[in-house]
Amino acid sequence: MSETTKTASATVQASSLKRFGPWIGFLILLMIMPFIFTSNSAIFTMNLMGIFIIFSLSYNMLLGQGGMLSFGHAVYFGLGGFMSVHFMNYVEDGSFVFPIWLLPIFGGLIGLIFAIIIGSFSTRRSGTVFAMISLGVGELMAASSLIFVAFFGGEEGVSGDRTMGPESFGADFGPDKEVYYLIAAWVFVTVVLMYLFSRTPAGRLANAVRDNPERAEFIGYSQRKVRFVSFCASGLFAGIAGGLFAVNFEIVTEENLNALTSGVVLLMAYIGGIGFFIGPIVGAIVFTLLQSILSHYTDIWQMYVGVMFVLTVMFVPQGLTGIMMMHTAAYRMNRLGGLVVPYVRMGIPSLCMVAGIAGFLEMMHHVRGAAVGESTMSLLGIGFDTHSVMPWVIVAVLGIAGGYVMRSQAGQLKDAWDTANDPNTWQEEASS
Amino acid sequence: MFELVFFSLLNGIVTGLLLFMLASGLTLIFSMMGVLNFAHASFYMLGAYFAYTISLYLGFWVGLIVAPVIVGLLGALVERYGLRYVHRWGHVAELIFTFGLAFLIEEIVQFIWGKSTMAYHEPEILQFPLFTIYGQNFPAYKAFMLMISISIFIMLLLILTRSRIGLIIQAAIHKPNMTAMLGHNVPLVFMGVFGVGCALAGLAGVIAGPALGTFPGMAVVLGAIVFVIVVVGGLGSLTGAFVASLIIGLMQTFAISLDYSVNDLLSVLNISYDAEGAFRDLWSLSLPQVAPILPYLLLVLILIFRPTGLFGNRET
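Quick note, the sequences are listed as chains A and B, same order.
Residues 7 to 438, numbered by our numbering, are exactly what the first sequence covers, in order.
Residues 70 to 385, numbered by our numbering, are exactly what the second sequence covers, in order.
Because the hints were derived from the structure by calculation, they are not lab data.
Every residue gets a Cβ at the ideal spot worked out from N, C-alpha and C, and that includes glycine.
A couple of the hints might just be wrong.
[As the list claims (entries may be wrong)] Partner residues aside, some chain B positions facing chain A, computed with beta carbon under 10 angstroms:
1) Leu105
2) Gly159
3) Gly183
4) Ala249
5) Phe380
Full structure from sequences and hints, please.
This is the structure in structure tokens:
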């Protein structure tokens, strides 16, 4: 008797650990991040990352969970940002008193209001019609933002000052680090809320409507209403992300609600993997890192991101998270070790090929852009003369040889992958 | 007033027919594959850039012929090795693929040609005013654009309705499986139509480049408008695309040339307003100011009230 209760409570403990463990880990990670990466630029990057995590997760509520492809999600993000920055200015004027850390709520509210207005007609259908309406609304908003100067501030946007609010938690949110904790808190709360939303009946029905709208209708749910609910929730969270953007950068411009931002959020969610809850988080982290690190070293980082995006859509539509998740079967069978060597054998030539191609592009870019007579450039700290033959030969050899060896290694990787994922051999091993 | 209407009408038709060159390819591609090609305007941009580079060495007229051919071949390659591959992941993935491609092409164009506007000009032979009415010139190049677009339109119409190839294309649109059973290579037809559609876009770019400017943003400027046309006209309907192109072309030129504002309306109605209020921009709105948003307004309204578009017979 006592033994059974003991095991029962043990399972409860184990399951609650399994349930809450990742969240506690996430919280701790958020708290200690600024102690690991202390530099100002790292804090800046992490702030942006947090904002993009919320934004791309809210986007995935549409695309991944609801099957609605939107090309105008930046509208809610941008409007949330504008609303928050206006309220920030009201606080500064003293026309009303409000803690700065709660400002993103106004962003969320305006996002929600506009999602209700626009969603009331755009969610009638999914698929191409929805995509087109979202594109039309997005362009409409971006074009109007340049006309209505009183609210959108025209070309230069609206700026504010986050430090003028009443002090809360002993912080006036002057330094970026204090803003980091503000953003981190919002990230944690909104990520939990969005996760919980995906577990509610409404979230589950969104999946059902995405996969088979007809059957969802037959069990008695209006596909339109289901999509509408997801759409509103998504608008709310996008608005919150916009509000955080306003607090972090203290300026919001037309660029934050135009088609480019809508494209970026699609890119982040897709590269990360739209089929998984954490996919957009991974995508936001990877994109922000690419943006901040690559843009440090090269002018043509956007081209690399574009290439990566197109390759992702073509060859790994399940995204980066999908690639990670592909390994769960091998992991459960304790076979990941067998994949290390094949991966290394495949990885080194691939890296060489990428390095060769990137080097070639960088040199081309440098030759075209450099002033007359200026022919020295440096890659990875190695300085050389672009007008001599040697560097071109090196990148050509790297690229071609890398590509050739990579092709020759593909076979062994596939074999290793097949053996690692073969359930039959696993049972044989277990029985012997 | 007559002068204004006359020139707006002419300019509107020139713009409209230019838009139709893009929209016709886009709508044909859509009716075949069910994919709205986001990168369509990028091919238009590529056409202009290729023609510019060719015109540096061989002159405008060679570029006029060669550049669309190159763009068409590129388009066929994209269909064969890109879209057909992505097709297995479904329609959403195809749409996202073309979206990514549009982004990538813009980056590549910036990489190769740089960010500044190219000095791509009309040939000297066409640099004269064709006629002058009320002291306003109508440039010969615009007439040339008009001529090219009209001849393309007639050619397209004849090929699609009167030739054997046109019959096969129409059959492949409506019943691809049956057409394949009859021994036609449907994937090849798809590739061909995609290529020709892109070549048309490229040709539009070649003739629009000197008039509207050759710069990396030219695809974005026109891309969304072409989408609006295809949706407003009715997806898959060539007639619809034609009518919608003219509507949008005329709407934009007239909106820019007619300088009326809400302010005028209010003063006619004897209503005064608060010049400092939060809605002050709304009261001083003028027609040229709202010209860029009119097409999108039309798009949203059409999609709400008539999702099939003006001439479409199927819902998107």
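Hint-by-hint comparison with the structure:
1. Leu105: holds (6 angstroms)
2. Gly159: Cβ of B:Gly159 sits 8 angstroms from chain A, so the hint holds.
3. Gly183: For B:Gly183, the interface hint holds, since the closest Cβ of chain A sits about 7 angstroms away, which is under 10 angstroms.
4. Ala249: This hint is violated: B:Ala249 lies away from chain A, its Cβ roughly 25 angstroms from the closest one there, beyond 10 angstroms.
5. Phe380: This interface hint is violated because 16 angstroms lies over the 10 angstroms limit.
The structure shown violates the earlier hints numbered 4, 5.
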